Each structure stands twice: as C-alpha cells, then as structure tokens.
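Chain A is already provided as a structure; the job is to place chains B and C on it using the hints.
Chain order of the listed sequences is A, B and C.
Residue 870 is where the first sequence starts when you use this note's numbering, and the numbers rise one by one after that.
Residue 127 is where the second sequence starts when you use this note's numbering, and the numbers rise one by one after that.
Residue -4 is where the third sequence starts when you use this note's numbering, and the numbers rise one by one after that.
Rather than coming from a laboratory, the hints here were simulated on the basis of the structure.
There may be inaccurate statements among the hints.
Ranges between beta-carbon positions, derived for each pair [to be verified]:
| # | chain 1 | residue 1 | chain 2 | residue 2 | range |
| --- | --- | --- | --- | --- | --- |
| 1 | C | P221 | A | K1004 | 25 to 33 Å |
| 2 | B | F353 | A | L874 | 53 to 61 Å |
| 3 | B | A205 | A | H1008 | 33 to 41 Å |
| 4 | B | E305 | C | P458 | 26 to 34 Å |
| 5 | B | E305 | C | E97 | 28 to 36 Å |
Keeping only pairs whose Cα atoms sit at most 30 Å apart, straight-line, the calculated DSSO-like set for lysine-lysine is [unchecked claim]:
| # | chain 1 | residue 1 | chain 2 | residue 2 |
| --- | --- | --- | --- | --- |
| 6 | B | K350 | A | K972 |
| 7 | C | K454 | A | K1004 |
| 8 | B | K279 | C | K152 |
| 9 | A | K875 | C | K302 |
| 10 | B | K288 | B | K315 |
| 11 | B | K288 | B | K198 |
Source: prediction; values computed, not measured.
Idealized CB from N, CA, C, for every residue including glycine.
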Amino acid sequence: MFRILKKSLSTGVVTTGYPKGQDPAPEGFRGRPEVDFEKCTGCKVCSEACPSGAISYEDDLEEGVRRWRLSYAGCLFCGACEEQCPYGAITLSQFYEMASRNKEDLSVTATFRLGSCSHCGQYYETEREIQRARKEGSHRCR
Amino acid sequence: MKPNGRFSAPEKKVPIVAARSGWQPLVPLHNPLSMVKAHKSCASTIDNGSQTMDREMIKLQRVEQNLEAIEKSLEELGARLSERIGKIFGRSLHIREVDSGSCNACEWEITALSNPVYDLERFGIYFVASPRHADVLLVTGPVTRNLQTALLKTYEATPEPKLVIAVGACACSGGLFHEGYASAGGVDKVLPVDIYIPGCPPRPQAILQGLLLAMDKMDQKMRKQEFAEES
Amino acid sequence: MIDTPLHEWMAPFKGTILGSETPVPNELYLTVKPGTCAEICKYLYDRQGASLVAMVGSDERPLNEGFNLYYFFSLPSPGAPTPQNSRFFLNLRTKVDERHPEFTSITPWIPAAHWYEREIQDLLGLKPVGHPDPRRLVLHENWPEGLYPLRKDFDYKTQPPRAQEDFEMNPVEGEGVFEIPVGPVHAGIIEPGHFRFSSVGEEILNLEARLFYKHKGTEKLAETLPFTQGLFLAERICGVCSFSHATSYCQALEKIAGVEIPERAQHLRTILLELERLYNHVGDVGNICAGTGLLVGNAQGTLLKEKLMQLNEIITGNRYLRGMNTIGGLRRDLSEKQRLLILSTLRQIEKEFKELTDVIMFLSTQRDRLETTGVLPRTVARDLGVVGVAARASGLDSDLRRDHPYAAYDKVSFKVPLRTEGDVSARVWVRIEEAFESVHIIEQLLETLPRGDIRVEVKELPPYKSVLGYTESPRGANLHWIMTSSGSYLYRYKIRSASYVNWPAVPLTVPGNIVPDFPLINKSFNLCYSCTDL
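Chain A with its partners taken away, still in its complex shape (with noise of 0.2 Å):
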C-alpha cells in the first residue's frame, strides 16, 4: 500500500490548464483546412480528392459560376486536399476548437466565375483557372 502512496505522491498533478490555459496543438497536427482565395482558381481538384465529399462544388451553368463548399462537418483532417492542391491554396492548420450549434456555422463557401469557349459559348472552366493556365501556358500537372 505504502508504494502505491508513494507512485501516486511522486505522480504529482499532471492535469491541464484548459480552457482556463491555452492548450495549443502541436507543430504539424492536422487541423482545420483553410483556404487562401488569393492562391486559389476554383480548379476543384480538392474536391476530387477529398473522400469523405465534405468538399463539394455544383456548376450552375444559368448564372455562369461555380459554387465551391467545403464542410468541416464531413472533413476527415486527412489532407489530401492538401497534398492533391496545386497552388497550395489548403493547408491544414493547427486549430481544433470546432464544436458549433449548427451545420451552416462549419461550412466555407465560395463563387467563382465560370469563363466561356470563345467558340460555342458554353462554360468550361473558371475564369481564374483560364487566366492562369493563359499565363503559364501549362495545364494543371504536379
């Protein structure tokens, strides 16, 4: 009995300050994606790679825009976005405080807008996406 008294006295208090403390995630832990839109075309490759669907776009070819989503209800922190991302516009960060009331408060939208074949006038692509391919003259390889 005495050696269990001693194990616990020398254990001492090992609990942790949160939430009255920080309690920071640790270098390279997968957390929330965000997303810069200054780096991102709306090219929809992370919503291809993404495999539990949180990341999800609809063309709606009336209004000439794609509609972006990403649902932190769905994700699953794996970063293949992040991998799969040509213009690293995803990264995973370190935040991990996402319980919320309700669905809409976990969601990231976005609109782009589609551009249109100079020949048949139908939407292909977004416009940012047709701008950059222009620029580089290469397509989306990595």
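Frame of chain A, contents of chains B and C only:
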C-alpha cells in the same frame, strides 16, 4: 427535425424548451387559442343579430382574452425556465454516451476525458450508466441500420430537458460512409442535434470545448465563411 | 518460401487442381474443381497442420466467373527446420454455380469457418449446407429476405424498408435459471453489442453474444472508391488498430503494383506499428484495473497512455497515427528532433510502466481477481483459430511478425511471449511483456534507421490481380485480401481482423465465472467491435 423510422414520440405538452433544442413534436398540439379564434370566425359567418348569438360572441371574446393572457405568461415562463435550465446545465451535466457505429476512435477520446490529464469531473460533468439519469446524449458514429432502433429508444428514455451532441465526422455528417445500405448518414438524419463537434477523431480538448459550449461556459469559435469573386 | 514441388503434399488431390499461381513468393493460389474443396480443407487441417485464416466470397459474375469462394490457410513450409521458421499462405479457389448457390460447409470439421460461412450467406446469398448454426449474423432481422449487399447488382446507397422478423437466441432451461440481457447500449463508454447471460444466482451458465450492430458496409463502400481514397477507409475500420489496417492495405497494393518501398519507409512503418502496439497494451493494463476496481492503477495506466498518445500527435499530427501511410511508403518523414524525442519518451515510459506493473500485478486483491478467471483452453483456441494476445496466453505460439515477416521485422530481434494458463492474468502478462519488447524493437530500429526516400510513386494498378496484405495488430493478425478492378478501383476488399476471429471465443470463457467477472474477461480480450462488424 423529427425522428425517422417506425418509432413515434409520445404526445407532448407545451414545448417549453423547444427553442433551445429545436425539437418539433410529431403530433400537432391542440392550441386552445387558435381553436377559439376559429370558432369565433365560424360563428361570425352565421351571425343573424339574435340575442343568443350576441351572448355567445361576448363569451367567446372573454375566453379569447383569457387565453391570450395565459399564453403570454406561458411564454415568459418558458423564457425564464430556459434561462434556469441553462444555469442548471451550467452547473453540471450528466452524459449518456451512445456509439451508433463509430470506428471507436471517438470512444477512446471520450474515455480519455476521464483520465488525470483532462479530468472531466472537475467541471461537474459525469458519465452516467442509464439514459434515464442523463441530460445529454453524446452520440458517435453514422447511425447504422442495426443500431437505429436502440438509439431512438435511448433518446426517448432520456427525460426532458435533454441535448444531443454529435461527436466526430461520422456523427456530424456520415463521414466517409454517407447514406448507405447500413448507414443513415449522420445523427441529424435520425435525431435533432444541438451541438456538432467535428474531427476524426476530435481531440479530447475539442470534445471538452463542445461540452462546455453546451453548458454555456465557452463561446463558439466557428462562423460561416463566404467568399465571392467581385464581378 | 514454397520450394518443394506441389505434388508432394497435395498428392491425394492431384486430379482436382485446375490451376496454380504464385503472385508473391509466400502465397500459393490453387484453383480446384467445384465440390472437392471441403475434402481438401479437411485434409490440410488434419494432416498438414494448416490453420484456416480467412474465407472470402466474391461475386465474379460480371467477369463470367460465377461466384467464387477463397479459402486461406497458413501452412508450415515443407522442408523448414521448425514450423515457425517459415510459413506460407495457401489459397484454394473454387467456383459456386449461380443457379445452385450452395456449398458444403466445413464448419463441422473446422469450427474456425463458422462465421465466415454465415457472413457469406448473409451478404452474398450462398448457402452453407450442413452448417450447425445457419442463423443471420451480419444483417439483423430488420433486413428483408432476398437482398444481398455484396452482390454486384446491389448499389451501396440502396436503403430497403425495415422488415419485422424475430431473432432466436438459444434458450437455457432449468430451475432457477434466469436471463440477463445486456446491451446493445452499455453502461459505460463502450461499443455496442448484445449479451444474453443465462445464470443461476451469480454464476453464469451460458453466454450468447450478438454483434454486428456496427455494420456500416465498409467492404461494399470500398468497391466504390478509387484505391487512393480506399486507404482513408482502411484507416477508419478501427480507431486503435488504425495504422495496422492501413499498413495491411498498403502492403497488399504495393505487392500488386510490384513496387518495393524504400528501406527508410520500412523502418518507419515498423516503428509506427510498434508505437501503436505500445499505446494499446499500456492502455489495456490501465483498463484492466478499471475492471477490478483498482482506480489508482487505472489512473496511472491511462496517464501513461495519454503520454504516448501525445507523442503520437507530435510525430504524426494525429493521436491515432492516421494520415501517415500512403501506397508506396509514408507521407511524412521523421526528423532528428522527433527521433530523439521518441527515444527519451520511451525510456521514461518504460521506467514508469515497470514501476506500475511491479506494484499492481502483485497486489493480492488484484491477483485474486485476475488468476483463474476466464480461462480459454488451448484446444478451443486452436479449433476456433484464435490469434494474437489471446492465443499466446493460451499456449498457441503464433505471431505474424515472426512467422510471415513483413516491413522491417526481419531486421530486428525480439521475443514472442508465451503463457499457458489462458486466464485473464496470462493475457495481461502477455501484454506487459510485449510492451517491453515493443520498446526494445523501436530502440533497435531508431539506432539503425537508414537515410533515404520515404516514398515511391504508385499511379496505377494492374486490373484483376489479387494478393494478401497482413500485419500483426495489437490484438492479433489482421489480413486484407484485395482484388483490383479496371481503372483505379477495387473489385473486392475483404478485411479479416483479429477481433473477428477472437470474438466467438469470448463467450466460451465465461461459463463458470460470476457475472461481475464478465467485464473483466471482456477487457482482458479487449476486442474491437468495429473491426469485427465493419
């Protein structure tokens, strides 16, 4: 949101905590005031100016005024009760955990909350053995077909007021499994959810934040983000 | 390796073999005539010392091959000096006529086949003739008759209406016998399963367990995902065997692609596999103390586990080592700083774990509860094909790391603990000894970690090739059998985890014990329901 399946909720009295939990009863309630108003409008169409009709109309008007006063005081009472419940929940929370098909990572993180490092009990939060003793149902997993009935029965056994917290990507939205032949696609397809805690699995600190949010002891840090290209 | 000509040990059945191939050096695939498989299985089990490790059913009608059954055996290599030194996997493949979807059950002779055959009946509609217990297993009574999810004409997203059937539990009759139903929602934070105790007073006469409440359709879902995304599904079969399952998946696909991953990646994978084993075993010892009511032991054990989980998070970004594996190697490297951190943390954990076990495992109250409780006899363990910690505690010397080496296990030396009592105490001691061995293995690998790349690119896979991927998870051997499809999809993905094999043994260890000992016995096996139910 209503529970799906062949399970039906019992007849409810005036839903005092409806606003807090977003619960809508399956069976429409009889609202005495609206019945009286309907009766009045029906009576006024057949009003032929007789004394009997006039007395009837005066009686109906008095009943209507009384009911309006009762309804107003019930609303005030409801608001005060909600605040009181928030204060009670803010003192302690008794949790019944239900695994509806998770991969068990979320379970182990919830279990980790009882270890000496996170020590959940210092907040007055306890895990209870029976849903009859619970304030909160902590649900993990995408709600499998085989467990759906047990989950609904557990929900029904939990007395009001109660909250439902969905922990993990599978519970929040079905995760990888979505809606499939054996998966309902998330807890909100089956029960009304009050708090979502995303993660795969969420860190114990993240689950703790969610529980403290339920007790109104912490603030929500997530807000919807929108971006639109300028035309 | 298989270096003896085939006919020497398959001589009695020479005429039934229609074809053979060896996709990888230690796997032999034989196609045999329909209707002859049951005899061959009996022969291998009785005369050649084979153990049945998996049985898979597959709907290959779109490939004009009908339904196929695959029986996997683990056999000692002919000519090897001792049975453990070299073993190989033998796969017997046989066709089942789709017009007569039945096959002869081998359960009466090889009890280990019982659940596989019931699962094939539920999910593919092939009836095992002669099976002693043909009740539903995977799909409960709410599933309508005539619908078989693993058939290719069934879509994953179909949600048929709920049926209203009954499920019969085996009744136990006698004076004073009463039934205690427990679950599926249990009193603690535990996964769902239903247990029907039949007891007289406190003593349990019989226990029947009913699982598959967590069946989510993992194998069917895998057929709809590209193989790169199937990896994330493999990680989420289970939380605490996450890295083992992901490694089995990657190893199978790497064999199909014919790539050798860099040596540094092999070493790192082995280190992470052992880290997973370590946190599981340390946590289980703490958990057992919760079962006996020794809260000091529980608090100290869970504290040590928490330190290991935090180490996992620093190294990989996830407490369950998720997101590290990829097909072709690893996604993240280990820095020098992290390598030193692992070494220093493990030294501290080893010292504290030794202090803890020295105190708690010799307390008389603890010993009284753990010893002679929940005995699993060796014969029962062998007949049911039990693997892992439970097998090694009952005198069955089996460990995939030594018998079928993979990753970098052939480059390290380690002991495999073996006990013969088969009780709760033996299972806890096997875990304690394995935890110290894990620390020893990780230290050897960190000292000899080679430099180099951690990944090779795998862009596509040849279609309609199949192979086994396997690892020894903290609970025992898990086997993943994958058959690729055209494009970048999978045709069939069979996951046979250690828990799937070990679960049927648990109810057999309970009769004769008292009801409060059941949670202790359950914790001593510590099997995942999710790995079993999929």
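We went through each hint and held it up to the structure:
1. P221(C) with K1004(A): 25 to 33 Å: holds, 31 Å
2. F353(B) with L874(A): 53 to 61 Å: With a Cβ separation near 59 Å, F353(B) and L874(A) satisfy 53 to 61 Å, so the hint holds.
3. A205(B) with H1008(A): 33 to 41 Å: violated, 60 Å
4. E305(B) with P458(C): 26 to 34 Å: holds, 29 Å
5. E305(B) with E97(C): 28 to 36 Å: At 33 Å between Cβs, range holds.
6. K350(B) with K972(A): holds, 9 Å
7. K454(C) with K1004(A): holds, 29 Å
8. K279(B) with K152(C): holds, 25 Å
9. K875(A) with K302(C): Between K875(A) and K302(C) the Cα gap is close to 20 Å, so the pair holds against 30 Å.
10. K288(B) with K315(B): holds, 18 Å
11. K288(B) with K198(B): holds, 25 Å
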